[in-house]
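Chemist: The residues making up each chain are set out below.
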Amino acid sequence: MTNTENDQVDIVLSDLNNDDLVEQMFDDLYDGLADAITEGTEILLNRGWLPYEVLTKSLVAGMAIVGKDFRDGILFVPEVLMAANAMKAGMAILRPLLAETGAPKMGKVVIGTVKGDIHDIGKNLVTMMMEGAGFEVIDIGINNPVENYLEAIEEHQPDIIGMSALLTTTMPYMKVVIDTLIEKGIRNDYIVLVGGAPLNETFAESVGADAYCRDAAMAVDMAKELMAHRQGSAAAQMAAS
Amino acid sequence: MTVHQKTLIIACGALAREISLLIDLNRWHRFDVTCLPANLHNRPQLITGRMAEKITVAKQSGKYDQILAGYGDCGTGGDLDRLLDAEGVIRLPGAHCYEFFATTKPFDKMVDDEIGTFFLTDYLVRFFDTLIIKGLALDRHPELLPDYFGAYKRLMYLAQTEDEELDKMAEQAAIRLGLEYHKQFTGYGDLATFLETHSGGSG
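Top line first, the protein sequences correspond to chains A and B. Each residue of the first sequence is one higher than the one before, starting from -12 at the first, in our numbering. Each residue of the second sequence is one higher than the one before, starting from 8 at the first, in our numbering.
It is worth saying that the hints were derived from the structure and are not from the lab. Note that beta-carbon positions come from the ideal geometry of N, C-alpha and C, so glycine has one too. Any given hint could turn out to be false.
[Unchecked claim] Derived Cβ-Cβ restraints for the label pairs, each shown as a range: (1) A/Glu134 with B/Thr111: 36 to 44 Å; (2) A/Gly128 with B/Gly69: 28 to 36 Å; (3) B/Thr111 with A/Leu32: 41 to 49 Å; (4) B/Gln52 with A/Ser1: 18 to 26 Å; (5) B/Gly69 with A/Glu134: 54 to 62 Å; (6) B/Leu152 with A/Arg58: 54 to 62 Å; (7) B/Asp119 with A/Glu138: 21 to 29 Å; (8) A/Lys162 with B/Asp92: 16 to 24 Å; (9) B/Arg34 with A/Gly128: 47 to 55 Å; (10) A/Lys92 with B/Pro113: 33 to 41 Å; (11) B/Asp31 with A/Ile52: 50 to 58 Å.
Make the full structure from the sequences, and use the hints.
Modeler: Quick look at the structure:
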């Protein structure tokens, strides 16, 4: 059940038809109402929706609205965090079910904040949005030296490496990681995405990343686009050989 | 060094009090000070544009031989430095105010000792409620505390002045954030050195 702020009328989520319920879940996600998202997710599952449908049509689509309003300066970090925590509540129900029901896999991502930096808000948002978009995400946490990335790469064989930094003083470390990949001759085996408040496209280019992701929603779009391009290239190579 | 007749310092509001105090104490009358709002730190992408506006106004006034920036990089990702280089404006050394108050080596050591260190200065202690608690919406959503501060272990108060009241407030801030409290007296650090270097002597 959810309570609208203006008129204090209780909305019984289970009384809503599917379309209205999804619309209401968009609002609840926007307002960061984790309990309402939990309830809405369970109702849709009980109505026979596949977990992947619930995820994409309610949670991911709702977070896309949040992401757009964040980009447009209508929402700020606290509201996005509240929305993300609400989505997390829905994801907690869906995650085990997604594995069981064979939801499509978009690819595998290793993501972490670089050495010297403990800021993880952006990274955590990207992790959640990537999971929501069907990526398998291995989050190696904060303050990661290059060795941590290499270990995670070897262990998990990802398609994408994501690096995050909030500080001007730590963002150059991204180049250390990429240069090490080059030295080892494995740079082109992976898509490298970078993000963080002080970064920009010029910086991403200068350190040799494949793309700069301004926010979590863009990270997902970029990951999908580059994965599609990569798969297209692989298919083209196979066809040519 | 060239001695300038009049120098404008375009500073972050978080440094206004300290800069004005140093100017008064040292009778550096050649300095004028103008400030940008301290809360731009919550949206660092706006700092460079606002600084550019201030520089333009200062240059158009024809009053100043020299302009200084009372800023660190402050999360602008080098954008501020690119602007200042193009405009011939010199800024304080270091990435942010914690660093130039503590000075670089001691600051680096504090971070090396505990990377999860959250820093406060006199200004940030005074305006802790406004800038941190309300600025991050923790007054409305205290449940977000772990999202913001989960990776921090300790709060380091870099004190510009010896002030018991500020000390108590800083300790309370640490308790509120669930962090271990530490205090280090720094004085004005590189801020004083920077201003003295560009003062061209007193008076």
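Chemist: Of all the hints numbered above, which does this structure not satisfy? Sort the numbers upward.
Modeler: Hints 1, 2, 3, 4, 6 and 10 not satisfied by this model.
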